Structure formats: C-alpha cells, structure tokens
Amino acid sequence: MSEVDAGEAITQAHHEEWARVVASLTRRFGDLDIAEEAAAEAFAIAVERWPADGVPPSPGAWLTTTANRKAIDRIRRENKRDDKQKEAQLLYDDPPEPVGAIGDERLRLIFTCCHPALAMQTRVALTLRMVAGLTVPEIARAFLVPETTMGRRITRAKEKIKAARIPYRVPSAEDLPARVSGVLAVLFLVFNEGYLATGPDTEPLRPGLTAEAIRLTRLIRALLPQDGEVAGLLALMLLIEARATARVSASGELVTLGEQDRGTWDTALIAEGHRLVRERLAAAAAGVAPGRYQILAAINAVHTSARDVRDTDWSQVVALYDQLVRIDPSPIIALNRAVAVAELDGPQVALAAVDRLEDKLAGYHPYHAARADLLRRLGRSQKSRAANDKAIELAGNTAETAYLTRRRDQLR
Amino acid sequence: MQYLVSVIDDDAGLATPDEQAAIDVFNDRLEAEGHWVFAGGLASPSTATVIDNRGGEAMFTDGPFVESKEHLAGFWVIEAADLDVALKLAAEGSKACNRKVEVRPFL
Numbered sequence: 001m002s003e004v005d006a007g008e009a010i011t012q013a014h015h016e017e018w019a020r021v022v023a024s025l026t027r028r029f030g031d032l033d034i035a036e037e038a039a040a041e042a043f044a045i046a047v048e049r050w051p052a053d054g055v056p057p058s059p060g061a062w063l064t065t066t067a068n069r070k071a072i073d074r075i076r077r078e079n080k081r082d083d084k085q086k087e088a089q090l091l092y093d094d095p096p097e098p099v100g101a102i103g104d105e106r107l108r109l110i111f112t113c114c115h116p117a118l119a120m121q122t123r124v125a126l127t128l129r130m131v132a133g134l135t136v137p138e139i140a141r142a143f144l145v146p147e148t149t150m151g152r153r154i155t156r157a158k159e160k161i162k163a164a165r166i167p168y169r170v171p172s173a174e175d176l177p178a179r180v181s182g183v184l185a186v187l188f189l190v191f192n193e194g195y196l197a198t199g200p201d202t203e204p205l206r207p208g209l210t211a212e213a214i215r216l217t218r219l220i221r222a223l224l225p226q227d228g229e230v231a232g233l234l235a236l237m238l239l240i241e242a243r244a245t246a247r248v249s250a251s252g253e254l255v256t257l258g259e260q261d262r263g264t265w266d267t268a269l270i271a272e273g274h275r276l277v278r279e280r281l282a283a284a285a286a287g288v289a290p291g292r293y294q295i296l297a298a299i300n301a302v303h304t305s306a307r308d309v310r311d312t313d314w315s316q317v318v319a320l321y322d323q324l325v326r327i328d329p330s331p332i333i334a335l336n337r338a339v340a341v342a343e344l345d346g347p348q349v350a351l352a353a354v355d356r357l358e359d360k361l362a363g364y365h366p367y368h369a370a371r372a373d374l375l376r377r378l379g380r381s382q383k384s385r386a387a388n389d390k391a392i393e394l395a396g397n398t399a400e401t402a403y404l405t406r407r408r409d410q411l412r
Numbered sequence: 413m414q415y416l417v418s419v420i421d422d423d424a425g426l427a428t429p430d431e432q433a434a435i436d437v438f439n440d441r442l443e444a445e446g447h448w449v450f451a452g453g454l455a456s457p458s459t460a461t462v463i464d465n466r467g468g469e470a471m472f473t474d475g476p477f478v479e480s481k482e483h484l485a486g487f488w489v490i491e492a493a494d495l496d497v498a499l500k501l502a503a504e505g506s507k508a509c510n511r512k513v514e515v516r517p518f519l
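Taken in order, these protein sequences are the chains called A and B.
Per this note's numbering: the first sequence = residues 1 to 412.
Per this note's numbering: the second sequence = residues 413 to 519.
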C-alpha cells in the first residue's frame, strides 16, 4: 500500500466514518468528550499505521474498535484516580456493534449537537466538530474567533450536555418537525457563511464550508428521506452552489445573478437540485404544504431554468415569494420579493415596496444596495449614490464591497 | 435527575388568583406524574438578609445579595429523566405562573 493510497483512504474514512465512530462511542459511553477524544486518537493512529501496515479491509470497523479501546483505556485511567462506579459500566465489555447497523446513531448525535437549549453559535460549532469532524482550529478560523475561544465554547457545550443531561436520542414524532427545523437552521447558517462570508478578513467565498454543509444535509436527507424541508434545503444549497464559480469575477468582485455567465454554472448540481424540487412539487400537488426551504429552492429552480436572464419567468418568482411571505412575513423576504417585482412591474413599484421596509432594514446592507439599484434604474443618480455609499459602509464581504464600489463609480 | 426551576419576576407582585389556580393545577400534575420534589413562593427581595460568617463573626446585611431588575420569586425542584422532560415541564410551569423560568440541573 503506497502512502498516497493510505492518505486518501484516511481522508475518505474521515469523511465517511468520523460521525459514525463518535456517535457509536457516545452511545456506548454516554459521554461526548470521551467519544470525541477517542475518535481523534483512532484517526491519529490510522495516520501512523495505515501507510506501513496497509488500509484495513473495513476501515470503519477498525476505527470504531480502536477508538473503543482508547475510550476504555481513558475511563480505566480516570477510574483509578476517582469515581469507582464507572468501573461497573465497563464490566459488560461487549464487542462494538457492527458498522452499518447503527446508521441512526449519527442522527442522535446531530439532534444532540443541535439541541435548542444550546446557543445557535454553539450548535454550529458542536455540529462541525462532532458530526463533520472539523478540528477546533478549523472551526475557529471559519468563524473568525480565536482558537481558545472556540475551544472553550465547545468544552462548555459538552459540559452542559453532560451536567444538564441533554438526551442522546432522536426526538419523539411530536417534537420531530420543530427539532429538524432547528438542525436545518444550523446547516443553512454554515452554508451561508461559506456562500457569502460576512467578514472582510476572509475569502469572499469559502467552498470548504458550503461543501461541508451540503455533505451534512445529504447525510440528514439519507437519514430522513421523507422530510420535505430536508429535501428543500438540499435542493436550495445545490442550486446556489451550482452558481458559485460565476458569482465572483477574476478581479474578486461579486457578479449579480443577472450578469453571471450562465455557461459556467454546474449542470450536474442543477440537475440534482431540479430533481429534488420536482419531487417536492409532486408532494405539494398531492396536498403537502411546502415549507420555506422548499419554496426558496423552487425560486432558485426558476432562476437556474433560464439559460438567459431575459428568459426568467418573473411572474413565477413573484408568485413563489407571495407564497413565502404568507409563511414567513420577515422584512428580508419582503425585500427579495420587491427585487423580483422590479422585473415584473418596473422599478417604480418595487421602490415603493422597498421604501416601506426602511424602519426594519435600515442596518441591513442589501436593503441599501437594492434601493441604489432601483434608484439608478429610475435615473435618480444622486439618491442612488447615497444609497450605494450606505450599502458599502454596512457590507463586510470583500467581493460585495468591490461590486458596490464599481456600481457607485459608474454613477459619477 | 433533579432540576431547579427558578421563577424569574421583574416586579414585586404576588401571583394573581388566576395564576395561583393555574399553579395549583400544575403542582397536582407534577405530583400525579411523579415529578414533584418541592416548590415554594418567596417573599419580595427587600425582605432578604445576607449573612457572611466567613470571618468568624457573622455579619448581617439588610437586602438581597444582588440588586437587579429581575429577581427570584419562587422555585420548583423537579425530578425528570433528562433535560427534554425538564424543559417541557418548565414550559408548562412558565405558562401556569405567567412568568419566565430558568432550568438548572443539580450536580
């Protein structure tokens, strides 16, 4: 076995088996901290041994067994020092369950990491560590916080889960929809940070984060195939991700949907996204009311169906926004609806709708960017410039700032 | 597993008769379902006395140990299998007493 093959096998095993190993150890030992540490040790041993000894026939089973042994070592070590009662737990030293029979273990892990008793940013960090297997420094870099801060956040979360006894299980049927929606919110937040980074100190697009979010959403989709919102979120992510290369120009400037080179869109991702949207449309036709992710995915399906921006079915887009406003009356949805209305009924009508949102969105840079664009189209250059300046002042993403700056300079 | 459910209040008002009735119903349910350990309402923070006997001579100070807009108005100690059960009960308790509550596990 060459080193390259072993390296690839480890990367693949890390992607495919990390969550499974952590989940099965958490189940067995009832402790996330022990599970995480033992899983990390098992992968470290794999990095050492696999290049020399060869990749084991069943990498997942090898990793689980190795991690189990490490966890038992740690518990025995700690038991010598204090707490004799844990020894009892170890008496039934049964072999680990076979890999594959425990698919649901990962679902328990996800629901525990996304528990509503944890703060949103904690849920995000914990999910990326425990389920996606990102390291603490990687997560810290992704969210622009010092490593020690991120480490403390994750440690505190593990302590709370243990001390407050946050259960390690899939919620009951009655609680499931609300809890799934909490999980999806975490995944969408990770995706959005990758898709349009909020800070000026990072790359404008961070494909690592969007890829991770898609990978996790695919996992949830495999575990909860009947859930329409899971399918909707996956479709939404795929249809946005498909346009990633077209979204930033060679000079690092954001390219709007209307100006993108549609020939560079990823047709495979679009086809997969469209398939999911069609699946949900069929369910909607059968009377299942679509949730917000499904509607957002449908809007993106309309955009990605048009080979040229002029072919966009704007009446369909506005109709979908109308549907979305009914289930989510947030001002941000109203703003996006108004932008679509501009294409259907003209900038004058849209501007009136946008202006009505001032109270709620004065601190939100897309509000000012949308106003700037509508004012420009109405020939009101001076007001457009002022709105553009305000948007630049509030925007954090470098590609977005570059785009807005060019727009403003064009108005001179 | 036991949890402390603290009742957080931002004015010194006592429970209204309606609230008291709802609390009684909730308490009966806690007892019937085996979650009841203990509960009680507290007099206003201005009736508190702080005692410090760390230095060998007990010092008594009038008033609560911390002045704040919100204060502890009462509490339940409940028995629950895990935090999900405790949070559900606490949500019922918050509704019954018509105040915010905080859930905290005992060690």
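Worth flagging that the hints you see were computed from the coordinates, not collected in a lab.
Honestly, I wouldn't trust all of these hints.
Derived DSSO-like pairs: lysine-lysine, alpha-carbon spacing no greater than 30 angstroms straight-line [stated by the list, open to error]:
| id | chain 1 | residue 1 | chain 2 | residue 2 |
| --- | --- | --- | --- | --- |
| 1 | B | Lys481 | A | Lys360 |
| 2 | A | Lys160 | B | Lys507 |
| 3 | B | Lys500 | B | Lys512 |
| 4 | A | Lys158 | A | Lys80 |
| 5 | B | Lys500 | A | Lys160 |
| 6 | B | Lys512 | A | Lys360 |
| 7 | B | Lys512 | A | Lys160 |
Note that the structure is predicted; figures quoted are calculated from it, not measured.
For each hint, the structure was consulted:
1. Lys481(B) - Lys360(A): 28 angstroms, holds
2. Lys160(A) - Lys507(B): At roughly 25 angstroms apart (the allowed maximum being 30 angstroms), Lys507(B) and Lys160(A) satisfy the hint.
3. Lys500(B) - Lys512(B): 14 angstroms, holds
4. Lys158(A) - Lys80(A): 23 angstroms, holds
5. Lys500(B) - Lys160(A): Holds - the C-alpha atoms of Lys160(A) and Lys500(B) are around 18 angstroms apart, at most 30 angstroms.
6. Lys512(B) - Lys360(A): 27 angstroms, holds
7. Lys512(B) - Lys160(A): Holds, because 21 angstroms separates the two Cα atoms, which is no more than 30 angstroms.
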